[in-house]
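Chain order of the listed sequences is C and H.
For the first sequence, the residue numbers in the working numbering are 1 to 487.
For the second sequence, the residue numbers in the working numbering are 1 to 454.
Hints are supplied without guarantee of correctness; some may be wrong.
[Said to hold, decoys possible] If we take Cβ atoms under 7 Å as the criterion, some of the chain H residues that face chain C in the derived model are:
| # | residue |
| --- | --- |
| 1 | I48 |
| 2 | S77 |
| 3 | T81 |
| 4 | R228 |
[Stated by the list, open to error] Chain H stretches covered by chain C per the calculated footprint, using a threshold of three residues with CB under 8 Å from any CB of chain C:
| # | stretch |
| --- | --- |
| 5 | 53-59 |
| 6 | 151-160 |
| 7 | 279-286 |
| 8 | 289-303 |
| 9 | 349-360 |
| 10 | 366-376 |
| 11 | 425-439 |
The set of hints was computed from the structure by calculation and includes no laboratory data.
Beta carbons are placed, not taken as given, at the ideal position from N, Cα and C, and that holds for glycine.
Listed below, chain by chain, are the residues.
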Amino acid sequence: MSDILKEALAHLHRKQPLGAPPRAEWFGFREVRETTTVRYVRDGIPRENDVTVSKGVMAEALVNGQFGYAATSRLDPESLVQAAEQALEQARRASRWAIHRFTVAERPPVTRDYASPVAQPLGGHSPGELNALLVEICHKLKRSPKIIRTSAFTQTVEMEMRTVSSNGSDARQMFSLISVDFEATAQEGSIIQKRTDGGLRGNSRQGGWEFLHTADLWERVERVAEQALELVAAPECPTEVASLILKPDQMMLQIHESIGHPLELDRILGDERNYAGWSFVKKEDFGTLQYGSPLMNVTFDPTVPTEFASYAFDDSGCEATREYLIREGKLLRGLGGLESQARSGIPGVANARASSWNRAPIDRMANLNLEPGDSSLEELIASVERGVIMEANRSWSIDDFRNKFQFGCEYGQLIENGRITRTVRNPNYRGVTVPFWRSLKKVGNGATRGIYGTPYCGKGEPNQAIRVGHASPACLFENIEIFGGAS
Amino acid sequence: MSLNERGYFEELSQRLFGALHGGEHLFLNLAAEQTQFLRINGAKARQIGTVADGLLSMTYLHETQDSSGKSVLRKASRNITLSGISYTDRAELYEALAALRREAPTLPPDPYATLPANPGASDTRRKGELLAIDAAPEALLEPAQGADIAGIYASGPMVRAMANSAGLLHWFSTESFTFDYSLYTPSQRAVKATFAGQKWNQQDYSRSLAAARERLGQLEKAPRRIERGTYRAYLAPAAVQEIVNLFSGWATASEASLRQGESPFRKLRAGEATLSPRFTLSEDFSEGLVPRFNSMGELAPERLPLIERGQLRNTLVSSRSAKEYGAIANGAEESETLRAPAIGTGSLKESEILARLGTGLYLSNLHYLNWSDKQGGRITGMTRYACFWVEKGRIVAPIENMRFDDTIFGLLGSALEDLTETAAYEPETGSYYLRQLGGSRVPGALLSEMRFTL
């Protein structure tokens with residue numbers, strides 16, 4: 001990346017008349033250059049070989065306690081100065097109605113660098129080689145005439161972010177990200193079932209091709225196809241109140257929707273209530289609310305190597321550290337960046353994040369993880385008299401206060417008297433957030449833990465889709481409403 | 001030159017097409033905007049800023065002949081952020097073209113790719129009278145003082161344009177604004193509204209706020225908790241729009257989705273389920289708020305009935321699906337999602353909604369819909385904002401939010417008693433990656449039953 005940011009900052013400094021009060025309390029520039037490559041093959045035919053190069057700069061200014069921004073794709077110092085002036089003028093005009101008098105403390109200086117850990121760099125394979133591999137995956141998935149649709153997908157992102165500011169920030173983060181997925185759809189008569197590898201692009205990590213060329217790749221391909229075939233022959237998931245074991249690829253969604261979003265401080269402060277919604281969590285709940293059972297320990301942890309949303313500092317410049325949000329079931333800390341912390345007085349984390357150069361940072365999840373307990377998967381299953389194990393999310397819905405949820409999974413297995421007895425299709429469950437987490441009966445150990453993520457967490461006005469990571473062991477909940485599909 | 005000027009796009013297009021060799025074909029698509037966003041919470045400015053952005057998509061086809069002389073196509077694409085600085089943009093696009101030239105020949109053939117054609121160009125320019133950037137905070141916020149209001153104002157020019165190496169060029173530019181907002185009572189109950197258009201009028205804005213404030217008064221009563229069960233229900237247009245959005249987001253009316261076992265509408269095609277003869281769903285571009293051309297440059301018909309009187313009449317068929325399945329293309333985008341959905345009206349008069357509902361639920365908005373069993377056509381979601389319990393044609397109290405779980409074949413089939421005689425235009429206010437265009441034309445729907453589960 002060039003030094004146009006520093007050059008623009010120097011221009012702004014020179015425009016400051018000597019002896020006059022500062023025109024702005026703070027200026028900052030954040031440059032993003034992101035290359036996203038999608039390779040997608042359906043039924044052995046290339047469907048997408050697409051590369052997107054997005055690049056631009058967001059200029060921010062702080063005046064009278066109000067931030068303003070201007071995002072531009074014109075990457076020359078003159079245009080950046082113009083953008084900064086526009087940000088300043090908008091901030092000035094809006095400052096009469098400022099929601100809070102922010103200070104430069106909400107944009108601390110940062111001088112760190114970060115780079116994703118990569119074993120096999122993303123440049124290492126030609127498009128032809130990758131297409132050949134994805135075609136081969138499709139062919140392996142098509143193991144029966146009952147498989148009516150197959151697909152294989154990779155998405156890689158190489159992203160460089162640079163930030164400089166008038167109070168001394170000069171920092172850079174370089175991300176290498178990869179999402180891998182494959183799917184098989186099977187049909188038997190009028191029953192159609194789809195199985196994916198992790199559900200909803202769940203296999204999303206920081207790193208390189210090592211997350212495609214895994215030792216178990218072909219075993220996973222085989223399992224996806226086999227389980228799709230199993231599902232079309234399986235009965236509906238029963239409708240009853242029973243025990244529920246969620247595997248990590250569904251725990252990801254459960255954590256995301258019923259812990260992550262309700263703990264976002266900007267939701268609690270009402271910023272999101274016109275779009276994504278509010279939260280049942282109140283400011284006074286921090287430090288007092290028993291969110292879940294004492295087995296529940298949840299961390300915000302952007303330091304986990306290879307987890308999808310690891311970083312050294314957020315887009316406000318705040319240094320990222322591991323923090324407990326919930327410890328032994330008690331709510332301690334919110335998911336809010338420095339602006340939300342200043343407004344609410346609630347302890348938060350370094351999570352002011354923007355989806356790209358053309359959006360302003362807001363409170364987001366990053367890596368939000370449920371810490372492992374001490375039960376093996378076998379012990380979880382053995383302790384269930386009657387229940388269902390569910391894997392891989394396929395449907396998600398929750399109310400705007402994050403209370404009443406209903407989630408559906410791709411694959412279910414019935415447990416009877418401590419043993420898995422059969423596969424069930426269309427497994428769904430519903431509940432209310434706090435009672436659900438209080439019904440957490442056992443937490444799997446580290447051996448049951450999976451690290452997942454998604455590129456598509458949506459929120460914000462204007463809308464922003466951002467990457468998040470979720471690591472979790474398998475967990476057992478009791479007395480949950482489960483049910484199947486059908487009309 | 002600005003990215004929003006047709007001349008800039010034309011010049012870049014001509015240069016790129018002029019650089020093509022034999023056997024090379026190119027589609028170009030531009031999406032550009034210059035938007036001011038003002039995010040509001042508690043009638044205060046939460047965030048304010050502008051975004052100037054433009055993305056040029058290049059879809060490149062490399063054509064060769066096989067041993068029998070048959071055309072073989074290989075396809076790759078690049079999307080590049082444009083700056084509006086011509087020498088920089090030209091250099092980047094030439095570099096992208098060079099990368100496409102290197103990549104495409106190494107890919108497997110794409111038997112369903114389609115060569116560019118030139119069936120006829122179009123040029124639509126919708127000028128607006130928008131608020132000046134400097135004027136927006138005062139114009140928006142001053143009249144809102146004293147109310148607990150949250151929302152997002154977005155305003156500015158937007159462009160969608162396409163050109164291809166067969167000489168076709170479509171241009172669509174519009175200047176518009178949306179203010180998507182909600183008003184709140186002290187007990188956090190809310191009404192939702194959208195003030196949108198192409199000409200900002202301060203008096204109309206004040207009237208929009210006043211109307212929302214008036215509706216808010218109905219929410220002051222203590223909310224009633226509704227037990228799980230099946231109730232009569234009226235879905236206001238914004239609630240019906242959420243169902244349409246679900247259909248659109250999951251490409252439910254897509255030919256490819258039906259063929260690949262992804263759409264519940266396959267039950268309609270197979271005769272395994274029916275929708276109400278009162279239900280009609282069309283693609284209707286007559287509003288002129290979204291371009292009729294797709295990224296290939298094909299024009300969709302002005303109106304395409306998809307479901308007519310409950311029967312599946314047509315699906316959205318892209319030229320890709322047409323090749324793959326031997327169907328006839330109808331100008332659909334490759335994603336085969338709805339771009340201009342419209343639901344037919346019925347005979348229910350606005351003044352008779354509560355009386356015809358009798359006792360049941362009046363639902364202004366639904367929220368967070370998803371399929372609980374896509375193959376079975378079963379959907380779930382929540383009630384949101386101004387929803388009421390109605391008894392004997394009179395609003396009794398707002399309700400606590402409820403979860404529903406029911407099938408589209410029930411809601412839009414056996415349970416659909418009537419639709420309102422007029423349809424509202426619900427503008428699209430989404431802005432993932434870039435501001436969206438258009439909206440849905442939807443009436444309200446009176447249902448004899450709707451199943452609530454939590």
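| Coverage of the stretch 366-376 of chain H by chain C, judged on three or more residues with CB within 8 Å | holds (count 10)
| said: How does the stretch 279-286 of chain H fare against chain C when you require at least three residues with a CB closer than 8 Å, holds or violated? | reply: It is violated, with 0 qualifying residues against the three required.
| query | Against chain C, is T81(H) within 7 Å by beta-carbon distance? | reply | Hint holds; T81(H) Cβ to chain C Cβ min 5 Å, cut 7 Å.
| task | Test coverage of the stretch 289-303 of chain H by chain C using CB-CB distances below 8 Å; three residues minimum. | result | Coverage by chain C is violated here, the residue count being 0 at a Cβ distance below 8 Å.
| Residue count check for the stretch 151-160 of chain H against chain C: does it reach three with CB-CB under 8 Å? | holds (count 3)
| field | Interface hint outcome for R228(H) [beta carbon to chain C under 7 Å] | value | violated, 11 Å
| message | I48(H) was flagged as interface toward chain C. Is the shortest Cβ-Cβ separation under 7 Å? | response | holds, 4 Å
| query | Given S77(H) as an interface hint, is the shortest Cβ-Cβ distance to chain C below 7 Å? | reply | holds, 5 Å
| query | Are there at least three residues in the stretch 425-439 of chain H whose beta carbon sits under 8 Å from a beta carbon of chain C? | reply | Holds: 5 residues of the stretch 425-439 of chain H have a Cβ under 8 Å from chain C.
| query | Counting residues of the stretch 349-360 of chain H whose CB is closer than 8 Å to a CB in chain C, do you get three or more? | reply | violated (count 0)
| message | Three residues or more, CB to CB closer than 8 Å: is that satisfied between the stretch 53-59 of chain H and chain C? | response | It holds, with 3 qualifying residues against the three required.
Checked against the numbered hints given earlier, this structure breaks hints 4, 7, 8 and 9; the rest are met.
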